[in-house]
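Asks: Here is how the chains run, residue by residue.
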Amino acid sequence: AQSVTQPDIHITVSEGASLELRCNYSYGATPYLFWYVQSPGQGLQLLLKYFSGDTLVQGIKGFEAEFKRSQSSFNLRKPSVHWSDAAEYFCAVGAINNNDMRFGAGTRLTVKP
Amino acid sequence: NAGVTQTPKFQVLKTGQSMTLQCAQDMNHEYMSWYRQDPGMGLRLIHYSVGAGITDQGEVPNGYNVSRSTTEDFPLRLLSAAPSQTSVYFCASRGENSGKRAFFGQGTRLTVV
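Going down the list, the sequences are from chains A and B.
Each residue of the first sequence is one higher than the one before, starting from 401 at the first, in my numbering.
Each residue of the second sequence is one higher than the one before, starting from 2 at the first, in my numbering.
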């Protein structure tokens with residue numbers, strides 16, 4: 401089965417600084433890849449997804465992610481972080497041949513004023 | 002636009018009690034799933050269903066039962082609650098009409114004492 405690793409448990413950035421959240425996946429074929437965001441006490445909201453085609457995908461709230469097959473990575477980026485981006489971010493991988501979706505442990509983002 | 006509705010939002014159980022967490026979706030999605038979210042573990046799949054009458058186990062199924070008698074509903078039953086089942090539970094649904102994007106409920110915070 402597929403699996404996901406998010407190496408960073410907690411990241412702190414200053415407002416206006418750039419952000420990169422790391423995600424590595426394990427899956428034998430081309431995966432479906434997702435980034436979700438969870439604000440405190442809330443459910444999960446989809447930021448963006450990759451299925452095929454252009455390896456740089458744009459999402460909501462100014463986020464983007466790049467699929468790099470050679471590195472088995474799908475890192476999330478934002479050029480300039482806003483205080484409202486403080487939340488927990490989850491990378492997830494789905495597979496073509498099963499209905500499973502596996503999540504990483506999450507990265508908590510703190511934004512300093 | 003109800004989406005995915007989970008009830009209750011909060012629940013406290015005594016060890017050994019049973020209860021059912023409710024999940025309903027109004028998007029005609031084929032696939033529904035239950036996750037538990039624990040600190041440092043991300044979301045782990047408990048059970049899932051690919052359609053009415055069909056259920057299967059995920060990563061952490063022990064202590065939980067599910068059924069899928071209709072497309073809309075996917076209840077999760079705790080047979081005999083244990084403190085290890087203290088967690089936040091999320092129900093999700095997705096379908097071909099959602100491009101495999103998962104929609105999440107707001108979560109149920111369960112405490113077993």
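Everything labelled a hint here was simulated from the structure, so no lab data went into it.
Just to be clear, a hint being listed does not mean it is correct.
Just so you have them, the derived chain A footprint on chain B, three or more residues with Cβ under 8 Å [stated by the list, open to error]:
1) 20–28
2) 76–84
3) 105–112
Mimicking PhoX-like on lysine-lysine, the simulated pairs with C-alpha atoms at most 25 Å apart in a straight line are [stated by the list, open to error]:
4) A:Lys449 <-> A:Lys461
5) B:Lys15 <-> A:Lys449
6) A:Lys468 <-> A:Lys449
7) B:Lys101 <-> A:Lys461
8) B:Lys101 <-> A:Lys468
9) A:Lys468 <-> A:Lys512
Computed from a predicted model, the values in this text were never measured in an experiment.
Every residue, glycine too, gets a C-beta built ideally from N, C-alpha and C.
Asks: Establish whether the coverage given for the segment 76–84 of chain B by chain A is satisfied; the threshold is a Cβ-Cβ distance below 8 Å, and no fewer than three residues must meet it.
Replies: Since 0 is below three, the answer is violated.
Asks: When you check the alpha-carbon spacing of Lys15 (chain B) and Lys449 (chain A), does it fall within 25 Å?
Replies: Answer violated: Lys15 (chain B) to Lys449 (chain A) is near 40 Å, above 25 Å.
Asks: Decide if the proposed pair is consistent with the structure: Lys101 (chain B) and Lys468 (chain A), CA atoms, cutoff 25 Å inclusive.
Replies: With Cα atoms ~21 Å apart, Lys101 (chain B) and Lys468 (chain A) stay inside 25 Å; holds.
Asks: Quickly compare the C-alpha distance for Lys468 (chain A) and Lys449 (chain A) to 25 Å and report which way the hint goes.
Replies: Status holds; Cα separation ~14 Å.
Asks: State whether the coverage of the segment 105–112 of chain B by chain A holds or is violated, taking the criterion as 3 or more residues with Cβ-Cβ distances under 8 Å.
Replies: Coverage by chain A holds here, the residue count being 4 at a Cβ distance below 8 Å.
Asks: Taking a Cβ-Cβ distance under 8 Å as contact, does the segment 20–28 of chain B have three or more residues in contact with chain A?
Replies: violated (count 0)
Asks: Under the criterion that the straight-line Cα-Cα distance not exceed 25 Å, is the pair Lys468 (chain A), Lys512 (chain A) satisfied?
Replies: Violated, at roughly 30 Å.
Asks: Keeping to a limit of 25 Å between CA atoms, is the pair of Lys449 (chain A) and Lys461 (chain A) held or broken?
Replies: Measuring from Cα to Cα gives roughly 14 Å; hence the hint holds.
Asks: Regarding the pair Lys101 (chain B) and Lys461 (chain A), is the alpha-carbon distance no greater than 25 Å?
Replies: 21 Å, holds
Consistency note: the structure conflicts with the earlier hints numbered 1, 2, 5 and 9.
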